Amino acid sequence: MDEADVRQKLAALKVEHRDLDAATEALLCQTAPDQLLVARLKKRKLMLKDEMAQLEDMLVPDIIA
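Going by UniProt numbering, the first residue of the sequence shown is number 1, and it counts up by one from there.
Worth double-checking, as some hints may not be accurate.
[As the list claims (entries may be wrong)] Simulated DEER-style distance windows between Cβ atoms:
#1 K43 - Q8: 18 to 28 Å
#2 A11 - A39: 19 to 29 Å
#3 P61 - A22: 29 to 39 Å
#4 L59 - T31: 40 to 50 Å
Derived by calculation from the structure, the hints in this document are not laboratory data.
Since the structure is predicted, the reported quantities are computational estimates derived from the model, not experimental observations.
Note that CB positions come from ideal geometry on N, CA and C, so glycine has one too.
With the hints as extra help, turn the sequences into a complete structure.
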C-alpha cells in the first residue's frame with residue numbers, strides 16, 4: 001500500500017468515524033435509546049480509531065535515535 005492509498009483509506013475511516021459519532025448522538029437523544037445498538041456503534045468507533053492509528057503510524061517515518 002503506497003502513501004496515497006493509506007491517506008485515502010484514512011480519510012474514508014475518519015468520515016465513517018464521524019458518521020458513527022453522529023448516529024450515536026442521535027440515538028442517545030431519543031427517549032428510549034436502543035442500548036445494544038449504541039454499544040455496537042461505540043465498539044465499531046473504537047475499532048475504526050485503532051485502524052486509523054495504525055494507518056497514521058504507517059505515514060510517520062521511522063526515526064532511529
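Tested hints:
no.: 1; hint: K43 - Q8: 18 to 28 Å; verdict: holds, 25 Å
no.: 2; hint: A11 - A39: 19 to 29 Å; verdict: holds, 27 Å
no.: 3; hint: P61 - A22: 29 to 39 Å; verdict: holds, 34 Å
no.: 4; hint: L59 - T31: 40 to 50 Å; verdict: holds, 43 Å
Hint violations for this structure: none, all hints satisfied.
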